[in-house]
Amino acid sequence: MSRLQVVSGKGGTGKTTVAAALALALATEGKRTLLVEVEGRQGIAQLFETEALPYEERKIAVAPGGGEVYALAIDPELALLDYLQMFYKLGGAGRALKKLGAIDFATTIAPGLRDVLLTGKACEAVRRKEKSGRYTYDYVVMDAPPTGRITRFLNVNDEVAGLAKIGPIHNQAQAVMRVLKSPETAVHLVTLLEEMPVQETADGIAELRAAKLPVGRIIVNMVRPELLDFDELELARAVPRTAVAKSLSTAGLGGARRGGNAERLVEPLLAQAEEYAERYTLEHEQRGVLGELGLPLHELPLLAEGMDLAGLYELATELRQQGIS
Amino acid sequence: MTSDPAAAPHDSAHAPDGHRAINSIRPLAIDPLLDDPETRIVVCCGAGGVGKTTTAAALGLRAAERGRKVVVLTIDPARRLAQSMGIDSLDNTPRRVKGVEDRRESSPDDSPDDSADDSAEDGGRRAGGELHAMMLDMKRTFDEIVEAHADPDRASAILSNPFYQSLSAGFAGTQEYMAMEKLGQLRSRDEWDLIIVDTPPSRSALDFLDAPKRLGSFLDGKLIRVLLAPAKVGGRAGMKFLNVGMSMMTGALGKLLGGQLLKDVQTFVAAMDSMFGGFRTRADATYKLLQAPGTAFLVVAAPERDALREAAYFVERLAAEDMPLAGLVLNRVHGSGAAQLSAERALAAAENLDEPRIVDQMDGKAVRNSPETSGSSESPASTGAQDGSPAPDRAVERLTAGLLRLHAERMRLLSRERRTRDRFTALHPEVAVAEVAALPGDVHDLAGLRDIGDRLATVRPELPTTDD
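Line by line, the protein sequences give chains A and B.
Per numbering that gives the first Met the number 0, the very first residue in the first sequence carries number 0; after that it's consecutive.
Per numbering that gives the first Met the number 0, the very first residue in the second sequence carries number 0; after that it's consecutive.
Heads up, some of the hints might be wrong.
Unchecked claim - Restricting the straight-line Cα-Cα distance to at most 30 Å, the calculated cross-link-like pairs of lysine-lysine (BS3-like) are:
| # | chain 1 | residue 1 | chain 2 | residue 2 |
| --- | --- | --- | --- | --- |
| 1 | A | Lys211 | A | Lys164 |
| 2 | B | Lys138 | B | Lys97 |
| 3 | A | Lys211 | A | Lys128 |
| 4 | A | Lys128 | A | Lys180 |
| 5 | A | Lys180 | B | Lys138 |
| 6 | B | Lys287 | B | Lys97 |
| 7 | B | Lys138 | A | Lys164 |
| 8 | A | Lys58 | A | Lys30 |
| 9 | A | Lys211 | B | Lys287 |
| 10 | A | Lys211 | A | Lys130 |
| 11 | A | Lys164 | B | Lys262 |
What the hints assert, rightly or not - From chain A, some residues computed to sit far from chain B (all C-beta separations above 10 Å):
| # | residue |
| --- | --- |
| 12 | Gln45 |
| 13 | Gln84 |
| 14 | Lys128 |
| 15 | Gly132 |
| 16 | Ala235 |
| 17 | Lys245 |
| 18 | Ala270 |
| 19 | Tyr312 |
| 20 | Glu313 |
| 21 | Arg319 |
| 22 | Gln321 |
What the hints assert, rightly or not - Per label pair, the in silico range of CB-to-CB distance:
| # | chain 1 | residue 1 | chain 2 | residue 2 | range |
| --- | --- | --- | --- | --- | --- |
| 23 | B | Asn91 | A | Lys128 | 45 to 51 Å |
| 24 | B | Lys138 | A | Gly29 | 28 to 34 Å |
| 25 | A | Ala174 | B | Glu146 | 36 to 42 Å |
| 26 | B | Asp450 | A | Arg208 | 34 to 40 Å |
| 27 | B | Arg188 | A | Glu274 | 41 to 47 Å |
| 28 | A | Ala210 | B | Lys138 | 54 to 60 Å |
| 29 | A | Gln84 | B | Thr92 | 33 to 39 Å |
| 30 | B | Arg139 | A | Lys180 | 28 to 34 Å |
| 31 | B | Asp189 | A | Arg127 | 54 to 60 Å |
| 32 | B | Asp321 | A | Tyr54 | 30 to 36 Å |
| 33 | B | Pro31 | A | Ala174 | 57 to 63 Å |
| 34 | B | Asp450 | A | Lys164 | 51 to 57 Å |
| 35 | B | Asp444 | A | Phe229 | 23 to 29 Å |
Read the hints as simulated data drawn from the structure, not as lab findings.
Ideal Cβ positions, reconstructed from N, Cα and C, are used throughout, including at glycine.
With these hints in hand, go ahead and build the complete structure from the sequences.
Below, the structure is given as structure tokens:
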């Protein structure tokens with residue numbers, strides 16, 4: 000089981016939610032996980048209903064069975080200063096560089112450096128050990144950039160190698176790549192059962208594979224319950240309106256005669272069934288496309304009440320039951 | 000048996016009160032915005048995955064079919080969307096989209112709600128509309144700027160610099176700068192009377208607004224002088240100009256970046272030096288253009304908590320930057336033709352159908368004799384398991400129960416969407432909203448985009464007609 004779990008996905012698929020649920024799911028039986036945010040959106044804090052996370056590893060949840068989830072929002076600027084301090088004792092010079100605009104330059108404008116810092120910090124957490132020799136974190140789960148940018152983000156080495164052929168940035172990038180391309184890492188992709196996210200998932204997997212980055216699982220999020228099966232949808236197409244009206248009346252919804260309350264429900268209800276049928280067919284196709292990608296496939300239900308902290312625990316339990324941890 | 004009307008929303012305890020609560024929402028009228036010749040730029044912004052690019056394309060098509068000459072600048076369209084505009088691979092040059100129809104006058108499916116705007120109708124005055132579409136190619140745009148503003152030798156020195164190659168291929172911010180640059184270019188060409196821009200899926204989504212400022216602060220900063228100094232003076236006596244502090248800086252930078260990278264950066268900055276001024280002037284001009292009255296920002300969202308939270312942030316940020324906000328486009332909103340039946344009642348009714356014997360008793364006669372259903376369908380294979388009465392009407396009842404559960408799910412979704420939206424509009428009552436009814440599938444062609452355009456322009460029945 001890989002110790003660095005990277006979660007990516009198209010925007011709007013709920014990758015932050017899935018990353019958080021995964022961190023909870025992996026924190027079983029006294030295990031400790033670190034949930035890392037790299038895009039500065041404070042999505043984790045919102046999800047766990049806590050105040051904005053500082054650049055500091057902080058316990059944010061206790062999982063059933065005593066495990067712990069820590070969270071860290073990586074700020075590239077602070078990570079760089081951190082890094083300068085750690086390796087070069089550049090404390091004073093670091094501040095001067097900041098004043099000069101060099102830190103801003105390095106973290107926002109200079110190509111690749113930002114990604115080296117972000118992935119570097121996550122990899123450092125993966126390798127960190129306690130005095131006892133035990134890993135500080137059993138798992139590190141990263142809420143990563145979206146599918147369109149994930150390969151480039153993780154493949155910092157290729158980008159930086161062409162730029163910094165020697166020097167500390169070069170060495171750092173090499174060290175990061177050793178972790179990212181090893182079985183220590185798994186990149187999971189979150190998708191919905193819709194055409195565009197599925198297409199993007201397929202493209203993303205192809206890119207990751209071409210870059211020799213380890214692809215993990217596909218997690219289909221927000222799967223709606225199956226309320227009508229194939230036979231029922233067939234029947235919905237052919238059924239006489241009067242029969243449905245009668246049924247509705249039997250169920251206590253008013254008169255079945257023309258213009259009666261039950262009768263007036265028939266058309267709109269069947270129209271909804273027709274929409275459902277269209278989506279059903281589409282989802283069926285997309286499941287097929289995902290199946291052909293040859294990766295373990297998991298599905299998480301759409302939460303009827305919307306996403307909240309209780310829902311997050313529900314999803315974590317679901318992931319655990321599906322054997323993801 | 001008191002089969003009360005399924006209607007009467009107030010008698011069910013938890014009927015979505017959205018019907019009443021939304022009176023305060025200002026409807027956003029899309030057509031007057033698109034038709035106004037003063038509208039020259041429409042910027043669509045919003046979080047990732049809310050249908051921003053699709054909205055931009057649908058607006059472009061609609062504006063073109065209403066007589067305007069439109070170019071849509073997309074940032075990263077899904078292949079399907081590019082195909083839907085009949086262009087398999089969009090590139091850095093605007094391409095004309097075929098199949099645009101003239102729907103100014105005789106369009107039968109123009110929403111009747113628009114009749115109020117008839118006085119403002121100026122159809123027939125303009126020549127036929129056109130739609131052009133393009134996709135931003137960051138590297139190509141950057142290269143073009145270099146080629147246009149540097150002499151050939153210097154241009155080739157810049158283009159082959161490794162630092163430049165990496166920078167232009169799209170790291171942190173390049174996409175934003177180039178989107179601004181391209182917008183400025185399109186506007187100055189003056190070939191189109193309406194430019195619709197899709198914004199990059201930035202990490203903080205409004206980075207494109209920061210692009211000129213960040214570029215400015217970088218160019219005005221001391222860093223650039225530090226970087227420029229050694230390259231310019233070539234390490235000759237000019238080095239004396241640098242005080243000790245500065246040389247320590249270059250030393251630290253060298254340590255950090257590695258000597259060779261620092262040299263690349265310095266060479267790059269030196270080569271670009273003459274162009275930087277132009278960059279900033281243009282970026283500043285584009286920024287001002289965005290604030291001008293001819294620009295309209297549309298914040299795009301879906302009725303979900305995260306997307307609307309982002310939207311609220313956008314609205315506040317745009318106000319802070321003096322950017323003219325036209326309104327909020329709320330995509331994928333669900334409705335129901337049977338909204339009078341609450342989720343609770345639908346579920347209760349479905350349960351009644353699940354217990355056929357009880358219902359039979361209550362009803363007093365056997366439903367299975369119903370003539371309408373006989374022979375109309377087979378019962379699904381799984382039916383007879385426990386009941387042993389696989390009559391066709393059982394299948395209809397099971398279907399009906401399913402229909403009711405489906406409806407209950409829809410009603411819950413509806414009330415959740417309403418709650419989410421109302422939370423937003425309570426905080427920002429000044430923002431006009433256009434709701435776009437959800438489509439069951441994806442968009443594949445112009446007809447699909449046209450459909451979305453119609454939905455965009457239709458003032459949905461849930462919304463009151465213009466009150467304030």
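Task: Broken hints, by number - done: Hints 6, 9, 10, 12, 16, 17, 18, 24, 28 and 29 not satisfied by this model.
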